[in-house]
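J.: Residue numbers (the working numbering), protein chains in the order written: chain A, 1 to 154; chain B, 1 to 500.
Wrong hints could be hidden among the right ones.
As the list claims (entries may be wrong) - Which residues of chain A face chain B? A few of them, derived with a C-beta cut under 7 Å, are:
| id | residue |
| --- | --- |
| 1 | 15 |
| 2 | 16 |
| 3 | 51 |
| 4 | 95 |
| 5 | 96 |
| 6 | 100 |
| 7 | 109 |
| 8 | 113 |
| 9 | 116 |
| 10 | 118 |
| 11 | 123 |
| 12 | 130 |
The set of hints was computed from the structure by calculation and includes no laboratory data.
Here a beta-carbon is modelled for each residue, glycine too, at the ideal position from N, C-alpha and C.
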Amino acid sequence: MKLRYNSEIISGSVFLVAAVVLWLLIPSQINTLETSEINAQTVPRIVIGGMGIFSFCLLLQGLFTLPKHEVVVTRAALTSDKFRKELRSIVYAVIFLAYLVAITFAGFLISTILLTVAILIFYGARRWYYYAIPLAMVGIVYIIFKMLLRVSLP
Amino acid sequence: MDLFFAGLDTLLQWQNFLIIPIGLALGIVVGAIPGLTSDLGIILCIPLTYGMDPTMAILMLLAIYCGGTYGGSITAILINTPGTSANAATLFDGYPMAKKGEAYKALSMALFASTVGGLISAASLLFLAPQIAKITLLFGPAEYLALAVFGLSVIASVSNKSIFKGLIGACIGIFISTIGMDNISGTTRFVFGKINLMSGINLIIALIGLFAISEIMMKSQYNPRTDRKIVDAGSITKSKITREEYKRCRKPIGIGSLTGVIIGATPGTGGGLAAFIAYNQVKTTSKHPETFGEGEIEGVAASESANNGACGSTLIPMLTLGVPGDGATAILMGAFMIHGMVPGPMLFRDQGNILYAIMIGLFVVNVFMYLIGSVFTKFYAHITRIPYEILACIVLTFCIAGAYSTSNSLYDVYIIIVVGILAYFLRRMDFQLVPILLGIVLGPLAEMNFRRALILSDGSLSIFITRPISLGFLLVAVGSVLLFAWRNHRSKAKALSEAR
Chain A
1 MKLRYNSEII
11 SGSVFLVAAV
21 VLWLLIPSQI
31 NTLETSEINA
41 QTVPRIVIGG
51 MGIFSFCLLL
61 QGLFTLPKHE
71 VVVTRAALTS
81 DKFRKELRSI
91 VYAVIFLAYL
101 VAITFAGFLI
111 STILLTVAIL
121 IFYGARRWYY
131 YAIPLAMVGI
141 VYIIFKMLLR
151 VSLP
Chain B
1 MDLFFAGLDT
11 LLQWQNFLII
21 PIGLALGIVV
31 GAIPGLTSDL
41 GIILCIPLTY
51 GMDPTMAILM
61 LLAIYCGGTY
71 GGSITAILIN
81 TPGTSANAAT
91 LFDGYPMAKK
101 GEAYKALSMA
111 LFASTVGGLI
121 SAASLLFLAP
131 QIAKITLLFG
141 PAEYLALAVF
151 GLSVIASVSN
161 KSIFKGLIGA
171 CIGIFISTIG
181 MDNISGTTRF
191 VFGKINLMSG
201 INLIIALIGL
211 FAISEIMMKS
221 QYNPRTDRKI
231 VDAGSITKSK
241 ITREEYKRCR
251 KPIGIGSLTG
261 VIIGATPGTG
271 GGLAAFIAYN
281 QVKTTSKHPE
291 TFGEGEIEGV
301 AASESANNGA
311 CGSTLIPMLT
321 LGVPGDGATA
331 ILMGAFMIHG
341 MVPGPMLFRD
351 QGNILYAIMI
361 GLFVVNVFMY
371 LIGSVFTKFY
381 AHITRIPYEI
391 LACIVLTFCI
401 AGAYSTSNSL
411 YDVYIIIVVG
421 ILAYFLRRMD
431 FQLVPILLGI
441 VLGPLAEMNF
451 RRALILSDGS
461 LSIFITRPIS
471 LGFLLVAVGS
481 VLLFAWRNHR
491 SKAKALSEAR
């Protein structure tokens, strides 16, 4: 399968759809009782409308005036270095999202220790002090915030 | 003049000279931690000042305020995350300088420009306070909107690659700023039934997500074995500011300091806006605007002189009129009252000697800030030598703890991660984050005053062009956008003709 694209086509399409969805959500999400023409909906309508118009312009620019990349989707492409690098970004994002689940249940200290270890493994750190320094820092931050700043971390 | 000398006499006590460095050190540390602001530093230290005399107490809090505003530049330069919102414009050139191996130079310029801006601001507070207060009183909603538009005109100069992406970014930023409860009508907007979103998305939370988390995400493809640069310890402090660079930065520091003084004295604005406007003006009037955003030392000089230039002048409306200009001055106003001083016109008459001691003390604060900063800048610069995988973990820990501490809510931690991941994908699609940031910073100011102005004028847009100050700001904004577009067009045409 052959794909021809550029970042303008992708971002223009994504934000055009987002603008349309947000525009349709305005009446339900901004339920104002104001009767004047200038009300709580005015500025959101201007910026969402603006987002839609500029996204449409960006899409047209991407489709008709700017050069496009061509990608042929094959089994070999899925094992290429480039694809692996992209996959690393997704794994990184998944680590962050997993952290959000962990901090909800395990609190700051345990979840941040796990996050630190996960990131260091992700980067392939082998030396012991690569683990010791950030882990000590988690403890120090916890103590500073809890004792000195009186912020009770979860 | 008698009050001046009485103030000097009150100031010249050893306790004051001891408390100022302590306040500055605390402020710099608080400012340098993303998520913690000088506002929080002042709040935390107010109880410590109960037993002090008023001069000593206020000087300590002012030192935290000034130190925090300077301290935010350290992380902006070293890890692409402004410690406070006032340092957001320092990112443009500070971080690219650090990436080029000029972190020490950028930090030194940030310190120098902050000190000069702070000293000019202190002078304005001491000598021009009543006159400046009178001018800023002429500002109404139309003028504030024009000021916000003036700030938003920066988008044109930071969206070189695609103006449409810049404009979409600004729309995203302003949209984010509208989330939560509307300040005028009390209507909730885009909260999707979540109580935590009622108070909106905090600026500092958005900043951490947009810059710190997305920056860490951008390094997801970093390979320590092949991408690590071994930086020699000696080379870190080698790149010092040259005499020629000091000379080049005189104009940016002048523009930045004056912009800081004027914007800072205008209630409801603050150092962040001043820094953006100063940066844009310096870039627009520069002979080499194409170098801005690529690690131009003049950019760091402009933004840092502007945000510290606003520090002293934000006290002008508070001290002369009893109107706090921003969050930090509102807290300082509370501290004044705790120590038996009620800000306003009567303060000069009733407690003039203390007031003059504080105003002269602001000079001392800035001088001490330079001395302390000079000693520690060398150490800060070595942060760039830490292996990235260790630095990423430490930065993440501070960001998460800082985000949580903003309102003691896990919700803010969720927001920084989600905003960070989204910002990463935007960056991968060649979007600049600065227009989004500008939208978040200036959106509330623009919206509130746009609506107020239209209510005052019965819906007529003519209010923005019939008031001279508003018209002036709008003309300068349009002028700077046109000037930038013309220069951009000229440089592209030149490049095309050279290619042929």
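J.: Holds or violated: is there a CB of chain B closer than 7 Å to the CB of residue 16 of chain A?
T.: violated, 10 Å
J.: Under the criterion of a CB-CB separation shorter than 7 Å, is residue 130 of chain A in contact with chain B as hinted?
T.: holds, 6 Å
J.: Is the interface hint satisfied for residue 118 of chain A? The criterion is a beta-carbon contact with chain B at less than 7 Å.
T.: For residue 118 of chain A, the interface hint is violated, since the closest Cβ of chain B sits about 10 Å away, which is over 7 Å.
J.: With a cut-off of 7 Å on the beta carbons, see whether residue 109 of chain A makes it to chain B.
T.: violated, 10 Å
J.: Checking hints one by one. Is residue 96 of chain A an interface residue toward chain B, by the C-beta closer than 7 Å rule?
T.: holds, 5 Å
J.: Hint validation: residue 15 of chain A versus chain B, beta carbon distance must be below 7 Å. Holds or violated?
T.: holds, 5 Å
J.: Is the hint on residue 95 of chain A kept, meaning its closest Cβ partner in chain B is under 7 Å away?
T.: Given a least distance of 9 Å, the restraint on residue 95 of chain A is violated.
J.: Going by Cβ atoms only, is residue 51 of chain A closer than 7 Å to chain B?
T.: It holds, given that the least Cβ distance between residue 51 of chain A and chain B is near 4 Å, below 7 Å.
J.: Is the interface hint for residue 116 of chain A satisfied, with its Cβ closer than 7 Å to some Cβ of chain B?
T.: holds, 5 Å
J.: Can you verify the interface hint for residue 123 of chain A: is its Cβ closer than 7 Å to any Cβ in chain B?
T.: Holds. Min distance 4 Å.
J.: Tell me if residue 113 of chain A is really an interface residue toward chain B, meaning its C-beta lies closer than 7 Å to one of theirs.
T.: Violated, about 10 Å.
J.: Could you check if residue 100 of chain A really has its C-beta closer than 7 Å to a C-beta on chain B?
T.: Holds, because the Cβ-Cβ distance from residue 100 of chain A to chain B comes to roughly 6 Å (cut-off 7 Å).
The structure fails to meet hints 2, 4, 7, 8 and 10 from the earlier list, while all remaining hints are met.
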